[in-house]
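Undergrad: These are the residues of each chain, in order.
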Amino acid sequence: MSERKIRVLIAKPGLDGHDRGAKVVARALRDAGMEIIYTGLRQTPEMIAEAALQEDVDAVGLSILSGAHMALVPRVLELLKANGQEHVKVFLGGIVPDEDVPLLLKMGVIGIYGPGTLSESYVNDIRKAVMEAHA
Amino acid sequence: MTEMDVASMILAGDRLALARTLTQVENGTHQGIAALNALFPYTGKAHLIGVTGASGTGKSSLVNQLVRYYRQQTRQTALAEHGTTTTHHGATQQSLPNPTDSGPSQAEGPCRVAVVAVDPTSPFSGGAILGDRIRMRDLAGDPGVFIRSMATRGSLGGIASATGAIAQVLDAAGFDLILIETVGAGQSEVEIARLADTTIVVEAPGLGDDIQAIKAGILEIADVLVVNKADLPGADNTERALRGSLGLSRPFRPAGQLVHRVEHHGHLVTITEPTHKAEPTDLVWVPPIIRTVALDGRGVPELAEAIMAHRKYLERTGAWGLRERGRLQTELDLLLQNRLLVDFRSRLADGEYETALEEVLERRISPFQAVEELVNKHR
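So the sequences go chain by chain: A and B. If you read the first sequence in this note's numbering, its first letter stands for residue 1, the second for the next number, and so on. If you read the second sequence in this note's numbering, its first letter stands for residue 136, the second for the next number, and so on.
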C-alpha cells in the first residue's frame with residue numbers, strides 16, 4: 001500500500017502534432033512501473049503547470065518538435081516554480097539543436113532525449129532524479 | 136507541518152496542499168491518514184456521482200461536458216435544497232473552523248466540481264497510463280475545477296481501493312460535486328455503486344446485442360442510463376434494448392412499501408419498509424434513459440436534470456442517509472479486517488504462518504483447518 005509510485009506528466013506544448021515520440025516515452029515509463037498522466041496535444045504552458053499541480057507529479061516530460069522549445073520550456077519552468085513545484089523534474093524530448101542543449105540544462109532541465117535514445121537512459125535518469133529529490 | 140496545518144490549508148482552498156495530501160492518502164502514508172482524520176468532520180456534504188461504462192463509450196468526454204455545464208450553474212440550481220445531508224456531530228477541532236460553517240464561496244456562487252478519473256494499472260509492470268485528461272481539456276484554467284487521475288493499483292472493481300478516501304478529501308476541500316470516472320467497465324465492475332450517491336452507466340450504439348443488457352451487473356447499478364453517441368446509427372436500438380431490460384429488471388414493488396437498495400456488509404441489498412406516504416410514484420426510482428452527444432454537449436442539460444432528480448429522490452425517501460450509513464459501515468468493516476489481520480500476524484511466532492501454509496500446500500490440512508488451528512493457538 002505505502003509503496004511510492006513515481007508519477008510523471010507527459011505533455012506536448014505548442015502546435016506540432018507529432019505525438020508518436022511522446023507516446024513511446026509514456027509507454028516505456030509505464031513499463032518501468034511509473035504512473036503516467038498523458039495530456040495529449042496542443043497544451044499551453046499554463047495547462048501543463050496546472051495539470052502538474054493537480055496531479056502532484058514528480059516529473060514533467062515535454063515533447064517539442066516545433067522548434068519553440070526556447071520559448072516554451074522556460075515558461076513551463078517558471079510556472080512550476082510559481083506554483084510551489086520547483087522540486088518537479090523537467091525533461092525534454094523531440095528535436096532540439098545541439099547549441100540549445102547547454103542553455104536548457106542550465107535552466108534546470110534534467111535531460112534532453114532526441115530520436116534514437118534508448119529508453120533505459122531516460123527511465124534511469126528520471127528515477128535517479130526523483131529519488132534524490134525525496135532523499 | 137502538522138496535519139492540522141495541512142487540513143486548514145486545504146479548507147482554505149490551497150490547491151498544492153490538496154494535491155500533495157491526495158498523494159499521501161493514495162499511498163496510505165501516516166501523514167495521509169492523519170490528514171484524513173483531521174478533515175473527516177468536514178466530509179459528507181458533496182454529491183458523489185459515479186460515471187461508468189465500457190471502454191470507448193465516451194465517459195471522459197461526457198464528464199468534460201457535464202463539468203462544463205455545472206460550472207455555468209449556481210450552487211442553488213445545481214444542488215437544490217440541502218435537506219438531510221449536512222448534519223455534523225462531535226467536531227471538536229480547536230484550530231479549524233466549525234464544520235457546519237459553509238466556508239467562503241458558498242450559496243450563490245457557481246458550484247465547484249472535482250473529477251477523480253481512474254485508469255487501470257498494468258498487472259505486469261505496476262505502471263499505468265492515465266489518459267482521461269486528454270478529453271477534459273475544456274476544463275483547464277478553471278479554478279473551480281480540480282481533476283485528479285489515479286491508477287487502480289491492483290483493485291479489480293473498476294476503482295482503486297483509495298478512491299473513496301480521495302473523494303473524502305475533495306469533499307472536505309469544499310467541492311460540491313465529485314464525479315468519479317471508473318476504468319472502462321464491462322459487466323462486473325460495480326464497486327462504484329457502493330461509493331457514489333448517483334451512478335451513471337454510459338452505453339453507446341454498436342457494442343453488443345441485447346442479451347448483453349440483461350446480464351447481471353453493471354446495468355443493475357444504474358441510477359441514470361446514458362446512450363452516448365446518440366447521433367450514430369443504432370442509437371434507437373441501443374435505447375430500445377436498455378428500455379426492455381429495465382422493464383424486466385425492476386423488482387416487483389408492492390404498493391405502500393418503500394424500496395431501497397443499500398450496502399450491507401459488502402453487498403447491495405434491496406430492503407423494503409412500509410410507508411404511509413401516499414404517492415407511490417414518489418417512492419420508486421426508475422432509471423431514466425438520457426441520450427447525449429458528448430462531442431457537442433447535446434443532452435447534457437437533460438442529464439444534469441436527471442442527476443438532480445435522483446438526488447432529490449434520495450433526499451425525499453431517506454435513501455441518502457441509508458446509503459451513507461452503508462458506505463461508512465463497509466469502510467469500517469474493511470479497515471477493521473485489515474487491522475485485525477495485521478495485529479494477528481504480528482502475534483504469530485517466526486515461521487508459524489509459513490509452517491501452516493506448508494501443511495496446506497502438502498494437503499495435510501485444509502485452509503479452513505489451518506485458520507482454525509492458528510486462531511485457537513493465539514486466542
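Treat the hints as calculated values from the structure; they're not laboratory data. Incorrect hints may appear among the rest.
[Claimed, not checked] Covered stretches of chain A (chain B as the covering partner; in silico rule of three or more C-beta atoms under 8 Å from a C-beta of chain B):
1. 14-21
2. 25-31
3. 79-88
4. 98-104
5. 122-128
[As the list claims (entries may be wrong)] Derived CB-CB ranges, DEER-like:
6. G244/B x E132/A: 29 to 35 Å
7. D277/B x N124/A: 35 to 41 Å
8. P258/B x N124/A: 22 to 28 Å
9. G244/B x E86/A: 55 to 61 Å
10. R499/B x E132/A: 47 to 53 Å
11. R499/B x E86/A: 41 to 47 Å
12. R433/B x R42/A: 47 to 53 Å
13. V510/B x G108/A: 52 to 58 Å
14. G486/B x N124/A: 45 to 51 Å
15. H513/B x S119/A: 47 to 53 Å
16. E132/A x N233/B: 58 to 64 Å
17. N124/A x E487/B: 56 to 62 Å
18. E120/A x R514/B: 36 to 42 Å
Ideal Cβ positions, reconstructed from N, Cα and C, are used throughout, including at glycine.
Undergrad: Which constraints among the numbered hints does this structure fail? Numbers only, ascending.
TA: The structure conflicts with hints 1, 4, 5, 6, 9, 11, 12, 14, 16, 17 and 18, although it agrees with all the remaining ones.
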